[in-house]
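Required output: the full structure, derived from the provided sequences and hints.
Going down the list, the sequences are from chains A and B. Each residue of the first sequence is one higher than the last, beginning at 1 in full-length UniProt numbering. Each residue of the second sequence is one higher than the last, beginning at 1 in full-length UniProt numbering.
Check each hint, because a few of them may be wrong.
What the hints assert, rightly or not - Stretches of chain A that chain B covers, calculated by requiring three or more beta carbons in the stretch to come under 8 Å of a beta carbon on chain B:
1) 33 to 46
2) 112 to 122
3) 138 to 145
4) 151 to 161
5) 224 to 237
Stated by the list, open to error - Here are the computed distance ranges between Cβ atoms for each label pair:
6) A:Glu-236 x B:Glu-174: 44 to 52 Å
7) A:Arg-100 x B:Leu-283: 48 to 56 Å
8) A:Arg-100 x B:Leu-216: 36 to 44 Å
9) A:Arg-41 x B:Thr-28: 35 to 43 Å
10) B:Ala-173 x A:Asn-38: 14 to 22 Å
11) A:Arg-100 x B:Gly-264: 49 to 57 Å
12) A:Glu-174 x B:Leu-107: 19 to 27 Å
13) B:Ala-268 x A:Ser-14: 42 to 50 Å
14) A:Gln-210 x B:Pro-30: 20 to 28 Å
15) B:Glu-174 x A:Ala-179: 49 to 57 Å
16) A:Gly-262 x B:Ser-172: 48 to 56 Å
17) A:Asn-178 x B:Glu-174: 51 to 59 Å
18) A:Ser-67 x B:Arg-272: 46 to 54 Å
19) A:Leu-283 x B:Pro-30: 24 to 32 Å
These are calculated hints, taken from the structure and not from any lab test. Predicted, not measured: the structure shown is a model, and the values here were computed from it. Each residue gets a CB set at the ideal place from its N, CA and C atoms; glycine is no exception.
Number of protein chains: 2
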Amino acid sequence: MNIDFHQRLASVASEIEDVLVTIFDVATDPPVPARLLNAMRYAALGGGKRLRPFLVVETANLLNGDSGAALRAGAAIEFVHVYSLAHDDLPAMDDDDLRRGKPTLHLAFDEATAILAGDTLQTLAFETLSDPATSTDPAMRAELVLLLARAAGGAGMAGGQMLDLEAEGRFSAEVELNAHAIRQLQAMKTGAILSCAVEMGATIGRANAQQYQALLSYGRALGAAFQIADDILDVESSSAELGKATGKDAGRGKGTLVGLWGLGKAKAELARLVDEAVHALALFGEEADILRAAAHFTAERRS
Amino acid sequence: MNIDFHQRLASVASEIEDVLVTIFDVATDPPVPARLLNAMRYAALGGGKRLRPFLVVETANLLNGDSGAALRAGAAIEFVHVYSLAHDDLPAMDDDDLRRGKPTLHLAFDEATAILAGDTLQTLAFETLSDPATSTDPAMRAELVLLLARAAGGAGMAGGQMLDLEAEGRFSAEVELNAHAIRQLQAMKTGAILSCAVEMGATIGRANAQQYQALLSYGRALGAAFQIADDILDVESSSAELGKATGKDAGRGKGTLVGLWGLGKAKAELARLVDEAVHALALFGEEADILRAAAHFTAERRS
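Structural data, given as structure tokens:
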């Protein structure tokens with residue numbers, strides 16, 4: 001199963017890359033200014049595991065949903081992910097130098113271009129979803145836009161980033177978060193978009209209520225597992241392995257479950273969440289093995 | 001007609017303010033972090049003429065379109081406008097201190113919050129449009145999202161801002177733009193969103209092809225007129241009158257038609273464009289007088 005999973009992950013990543021390239025090519029007519037488009041390409045192409053698109057594609061596939069719609073929805077969620085990385089890396093935010101093994105966008109270009117390219121990648125996500133090329137069904141297009149907007153907005157990803165800045169004491173004294181507050185922050189900052197990927201796939205696959213609820217539980221457990229795994233990697237891995245800065249959460253006093261509990265208890269909680277994600281898929285047969293493998297991968301990845 | 005117009009502009013602005021407040025109130029459930037929500041409110045509430053929402057509402061009204069849908073679409077386009085102002089004002093962009101007569105968002109809060117609040121206002125625009133509360137017709141919701149995304153993105157507003165930064169010599173030597181290039185830049189930077197406002201109203205009013213084309217011509221002429229009027233105000237008005245910095249375009253060598261042609265020829269072109277906008281509405285009767293008045297107002301406003 002594991003070998004199949006890595007092959008499939010790479011295969012979907014390759015398909016997504018093609019879709020991203022195609023969308024950028026279309027963006028030259030009418031013309032997006034070259035510098036802006038180059039910055040968007042730099043941020044979006046040739047990097048990342050494409051885990052969020054993978055979840056859209058494989059969830060839709062489980063339900064025999066339209067694979068073309070899933071790929072375009074996967075591209076849209078990747079645009080949002082990449083825009084958030086570009087803005088989070090800005091000097092005024094986390095001030096990072098390295099992303100996906102390359103200089104961050106504002107170093108490769110400049111701050112103004114990085115702000116604008118991030119803004120435009122977000123816009124492009126919603127343009128992609130609302131375009132009839134994604135689905136001939138306008139109700140599906142509108143639903144995908146709503147799912148992504150809710151996950152990316154103030155009660156989701158962007159709100160989580162704000163809580164993260166507050167937790168590190170950016171605006172007042174550093175805040176000591178308890179486990180509940182850390183979970184809430186992480187459910188917003190990274191969980192919402194990962195869970196949204198599964199929900200988009202479920203929507204494209206026209207899941208019934210029972211299937212939707214099961215997939216939502218899966219997505220939420222996987223999202224929580226992903227962030228704990230990320231925090232463990234931040235402690236245990238080198239910057240070279242991750243292709244981004246490490247050790248910075250501890251250094252800045254950011255609230256993580258690893259920091260609060262130590263590695264042992266955090267790893268036990270991670271295992272529990274993977275188990276929860278796997279069991280949420282009980283109503284599906286072995287055709288859901290790829291999603292079960294994704295839950296294991298989320299916990300066991302080394303980068 | 002002019003007195004009616006100003007009353008109507010104020011009346012729509014008041015209705016839009018109510019819709020914005022309601023949308024922000026809903027954003028507290030599930031909770032958007034208080035600091036983020038406060039920054040979004042600061043940027044969006046209590047200021048501006050609300051010209052873009054006015055154009056959505058009055059165009060929809062001309063065609064007897066759903067006024068509730070028009071108000072929510074107007075709120076969405078205002079969110080995009082306000083996000084772009086917040087990001088344009090950032091130190092890395094135009095580095096402005098004053099906006100709508102108040103300190104700019106990054107001064108009232110801080111840069112990180114201003115970036116995040118801008119990001120979230122953009123997301124909220126698409127969430128607002130795709131929400132069933134805007135229209136029970138999902139095809140209309142999807143179409144409104146697509147219109148706004150195209151107008152706001154790399155081939156529209158954000159692309160125009162990039163061209164503007166390039167024109168002021170930010171990335172290389174200052175670029176001398178000819179009239180064609182200035183028109184292109186301005187059609188993207190400010191024209192696309194103003195024109196989009198009219199198109200959204202036409203979509204909500206289910207305009208037929210002939211009506212749509214006429215309104216599109218109106219919107220484009222009005223958008224071009226708006227920018228020339230803005231450039232004239234930048235030269236002729238004080239910062240106190242405008243509630244934002246003035247004289248900066250000339251100081252930075254930005255390409256404007258006023259700079260290229262001088263005030264006399266620019267004012268003649270402005271009058272021509274207002275005339276063009278008014279005549280584009282020939283197929284409508286006096287019920288389009290309010291849009292004709294909007295074209296005159298665009299040219300004659302003092303702030």
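8 Å C-beta criterion, at least three residues: is the stretch 224 to 237 of chain A covered by chain B: violated (count 0)
Distance restraint evaluation - Arg-100 of chain A, Gly-264 of chain B, Cβ atoms, bounds 49 to 57 Å: holds, 54 Å
Verdict for Gln-210 of chain A, Pro-30 of chain B (Cβ pair) under range 20 to 28 Å: Given about 24 Å between the Cβ atoms, the range holds.
CB-CB spacing for Thr-28 of chain B and Arg-41 of chain A relative to the 35 to 43 Å hint: Holds - the Cβ-Cβ distance for Arg-41 of chain A and Thr-28 of chain B, about 38 Å, lies within 35 to 43 Å.
Assertion that chain B covers the stretch 138 to 145 of chain A - criterion: three or more residues, beta-carbon distance below 8 Å: Since 6 is at least three, the answer is holds.
Outcome, coverage of the stretch 33 to 46 of chain A by chain B - at least 3 residues whose beta-carbon is closer than 8 Å to one in that chain: holds (count 5)
Beta-carbon spacing of Glu-174 of chain B to Ala-179 of chain A - inside the hinted bounds 49 to 57 Å or not: holds, 55 Å
Hint check for Leu-283 of chain B and Arg-100 of chain A - Cβ pair distance inside 48 to 56 Å: holds, 54 Å
Range agreement (Cβ of Ser-14 of chain A with Cβ of Ala-268 of chain B, hint 42 to 50 Å): The hinted range 42 to 50 Å is violated for Ala-268 of chain B and Ser-14 of chain A, with Cβ atoms some 57 Å apart.
Given coverage of the stretch 151 to 161 of chain A by chain B, tested with a Cβ cutoff of 8 Å and a minimum of 3 residues: Our answer is that it holds, as 7 residues pass the Cβ test (under 8 Å) against chain B, meeting three.
Outcome of range test on Cβ distance (Ser-67 of chain A, Arg-272 of chain B; 46 to 54 Å): Because 52 Å falls inside the window, the suggested range holds.
Cβ distance range 36 to 44 Å for Arg-100 of chain A and Leu-216 of chain B, holds or violated: holds, 41 Å
Going down the numbered hints, you'll see the structure goes against 5 and 13, while the others check out.
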